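Place chains B and C on chain A using the hints.
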Amino acid sequence: MSLTADDVKKIAHLARLGINPQDEGNYAQDLSGILDLMVQMGSLDTSEVLPMAHPMDQSQRLRPDKVTEHNQREKFQAIAPQVEEGLYLVPKVIE
Amino acid sequence: MDNQKWEVVIGLEIHTQLATQSKIFSGAPTAYGAEPNVQACAVDLGLPGVLPVLNEEAVRMAVKFGLAIEAEIAPYSVFARKNYFYPDLPKGYQISQFELPIVGKGYLDIEVDGVKKRIGVTRAHLEEDAGKSLHEDFHGLTGIDLNRAGTPLLEIVSEPDMRSAKEAVAYMRQLHELVRYLEICDGNMQEGSFRCDANVSVRPKGQSEFGTRAEIKNINSFKFVEKAINHEIERQIDLIEMGGRVVQETRLYDANKDETRSMRSKEEANDYRYFPDPDLLPVSISEALKAQIKATLPELPGAKKLRFIEQYGQDDESATTLTSSRELADFYEQVVQQSGGQAKLATNWMTGDVLGALNKAGLDISHCPVRPERLSGLIKRIADNTISGKIAKQVFDKLWNGTATADEIIEQDGLVQITDMGAIEAIIDTIIANNQGQVEQFRSGKDKVFGFFVGQVMKETQGKANPAEVNKMLMAKLKG
Amino acid sequence: MHNKTIAELARGLRSGEFSSVELTRIFLDRITQHQNLNAFVTVTPDQALAQAEAADKRLAEGSSGLLTGIPIAQKDIFCTDGVKTSCGSKMLDNFIAPYDATVVTKFNEAGAVMLGKLNMDEFAMGSSNETSYYGPVLNPWDTKTVPGGSSGGSAAAVAARLVPGVTGTDTGGSIRQPAALCGITGLKPTYGRVSRYGMIAYASSLDQGGPMTRTAEDAAMLLQTMAGFDEKDSTSVDKPVPDYLASINQKLEGLTIGLPKEFFGEGLDAGIAAIIETAVEEYRRLGATVKEVSMPNLKYAIPAYYIIAPAECSANLSRFDGVRFGYRCENPSDLTDLYTRSRGEAFGKEVKRRILIGTYALSAGYYDAYYLKAQKVRRLISEDFKKALSEVDVIMGPVTPSTAFGLGEKTGDPIQMYLSDIYTIAINLAGLPAISIPAGFLNAMPVGLQIIGQYFAEDRLLNVAHQYQQVTDWHQRSPKGFE
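Chain order of the listed sequences is A, B and C.
Residue numbers for the first sequence follow our numbering, beginning at 12 and rising by one.
Residue numbers for the second sequence follow our numbering, beginning at 2 and rising by one.
Residue numbers for the third sequence follow our numbering, beginning at 722 and rising by one.
With the rest of the complex left out, here is chain A (with noise of 0.2 Å):
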């Protein structure tokens, strides 16, 4: 498995990760060292196995429906980077 510098950062636009043009390369080849790790699972036969997304063989626990939490907004937006009238600012939207 070997991923391209084109891969990398069209990856990386996906996860809106900024990365240097001269560094795709190289994180193409560490990714595509990783993935080359991957190839050992592939002779693993797991057609019947279901997979394990948790450790734990639970089921959901149920939350009563009650207000528990109120108003903390000054708190929250001290350590926002910029907030007016209580909202978060953020660069223009366009719809």
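Note that these hints are calculated values from the structure, not bench results.
For clarity, every value in this text was computed on a predicted model and none was experimentally measured.
Backbone N, C-alpha and C define an ideal beta-carbon position, used for all residues, glycine too.
Mixed in with the good hints, there may be bad ones.
Stated by the list, open to error - Which residues of chain A face chain B? A partial, calculated answer using Cβ under 8 Å: (1) ALA16; (2) ASP18; (3) MET67; (4) GLN69; (5) LYS77; (6) VAL78; (7) ARG84; (8) ALA89; (9) LYS103.
Coordinates of chains B and C only, in the frame set by chain A:
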């Protein structure tokens, strides 16, 4: 454009906000209209380290819906992360359900122009709502309010079974009525509690494969759904007939211009990278829980309508009207009960004067100023002949505009029907004596003059005479 | 004083031999004195002294618990209300957490005194503590070597006697590997035993917090406070917490130990293999019997892990987008620029590598081949363990294939770095508890013994570890210059 050549295929995805107190994965309140971000707690904001815990009520509501459309309830369903970046999506993923939704295949029956049709529901799944982007100008920036983030949604996906905008609207109305009956959604479309995306395509009649579809986003009123879909159908047919091709894309309906336009921001092909959310475990619904929820299901609109026809002798139209919401149906049944079983009078008054007045005032039944007690008070007086139907309308006006009971109004205004036949006879005799010309005309065959005499009697009695008795006596006397 | 165990310190505090304030000052001084190790990201002396005063009051009133007045430190992955919580990243260099992690709340309620926040690999991704935005932590046994990771600051701080006990987190070995490389005791509990609420997520289905101390007895005391059901964590298990100290002194007669032959194959330093054999010999003397077990799918653990963990991390780290908290790039030109630059500028290389791998593994067309396959392999590995643990009480083996490697030695080769987790990763995939305890030295560097137990058998692991520590003194050795 030749509509005869084309068949329209429509599927709807409807997002209903579930009427829980708290959010689907956090204990923050869900109330509408709060100051920005005061209802966004640490979990809703996706602060580092926070974790989701599932709201029991959201699960119960989803199951309730599934049972109401006779769907399979998954014994085991899974939450998945849907990954994409958007500022109103705090975690960079939406917790939704993908491969194993909580509600499987079910159906809903609709009726358009007297023709019944069954529309398949593919699935319904639980997910969290996103926040809102506010585009008012903050020095060229957009403001993000995350109060809505984490509000529970049930996304109901239909089969592509609808063949006209009318059918789509009928399905949407039926669903809207159902979720309100079930009390799982307040149905408030203005506040976004019930939102619709439509997948629309056309194909030449007789072709079995589907045409390329366009998705119209966020059409939030019944009126707009029909218009938006019809517009989109026209656009697609025009396009194809001009030799063009429909592209798969997301379009936004602009109600002001009555047109749909492509949403540029959503054009980029999405790769949502769904995978099971490792912070949540599979949800299991036992047979016992299903049975328990089933026992709480209210009578559903279809069954209620049949019962109204059977039990109250209503015609199809009245029954449809009076079961169109649970509040209206309950109101009606209270009136029947409190008026001592005057089903027919109650039906007439409800479908006529009451709904007419509500409509005129722009109110719904829950805000009707005449509550069942006072309305049934009026109906009782009509039934026992205390007042005539005509006088009853006057009384109703006063009930609507005041707080007095029907009896108080009748008493105060002296509206009791004259039952003393001697008094009426004397009045009739006087009128006949004073209008011999008209008597002659009547006797020579001019039946129309009869109305003149009735009018004179009513005028003399201020409408308080029993019309049937007056007619009978007048006829006898005029015929001599 | 700094050489005393937590158990000894607790006795001294209760008997009034010394106060928590005195103790706190001693350790704060040592932290300042050994700043060169770079074990701490943040030291909180004022808060610590205030907590110590409060603890002394509780001690005087007789309302104290196990850990009242004991100085501890938190890995900088646990959110601490009002205190910077960096997770070793530039992304959170400005992040003052607005709430406490459940684990932090539990320590606060117990009356423990937090001295500060410990350095770590960025977002817990690393095996050497070299990916930290705050620079590498040095191994007190040889400052030219790494302390291991990702809980490198935690391990180095305990080994250097800067604090008697700390927290760590373990996603693929991040408690056990640094514990082994720094010659201390580190316990990774069963998945679900310790709440993950407020512990910044790397790979949610694998992450688990646990104690790092010098002795098993101390680890039992810390775990007693950390463990327990948390209604804020859906994956936390509602199961009573046993009294870990109560069973610690049980004799080991009748204990059966499994040695997986796959743990002793190619790649293991012969010197380490010999040390493990000697340790097992010691257990025989304590009454245990030993048998070989087999875990044929163990060799697939690294590939499975390096799909599952990056996949989960790729989504877990999406919330760092420069909108609500954390780093935001200067003058973003549009939304995409805000995201890509904020994330591009603030995440380090290893974090980016794992986000890229995870994004790729989940993307359309590859999901089945990578993610789903890895999850199936995960089940096979977990079944291997279940089968082995149905035959024996505990499994023993090495923690690392070699002793601490040199700073910078493996940073250029991520795959070599990943392979150093070979003996620890499978345990996380299965969700089992495991402990690393000091078992000897190779070329003057510490070597760890790993003991793996049945689900929720932390009490048994602590007992087995404690009994060994009653007859050996490896855990009492201290690095030169830190005695």
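A quick look at each hint next to the structure:
At about 19 Å, the closest approach between the beta carbon of ALA16 of chain A and any beta carbon in chain B exceeds 8 Å, and the interface hint on this residue is violated. Hint status for ASP18 of chain A: violated, given a least beta-carbon distance of 13 Å to chain B, over 8 Å. A least Cβ separation of about 7 Å between MET67 of chain A and chain B falls short of the 8 Å threshold, and the interface hint therefore holds. For GLN69 of chain A, the suggested interface contact is upheld, since its CB lies about 5 Å from the closest CB of chain B, less than 8 Å.
Annotation: interface hint on LYS77 of chain A holds; nearest CB of chain B at approximately 6 Å, less than 8 Å. The beta carbon of VAL78 of chain A comes within 5 Å of a beta carbon in chain B, closer than 8 Å, and the hint placing it at the interface holds. Satisfaction of the interface hint for ARG84 of chain A is found here, the shortest Cβ-Cβ separation to chain B being roughly 5 Å, below the 8 Å cut-off. Given hint, ALA89 of chain A at the interface with chain B, is violated; its Cβ is 13 Å from that chain's nearest Cβ, farther than 8 Å.
For LYS103 of chain A, the suggested interface contact is upheld, since its CB lies about 5 Å from the closest CB of chain B, less than 8 Å.
The structure fails to meet hints 1, 2 and 8 from the earlier list, while all remaining hints are met.
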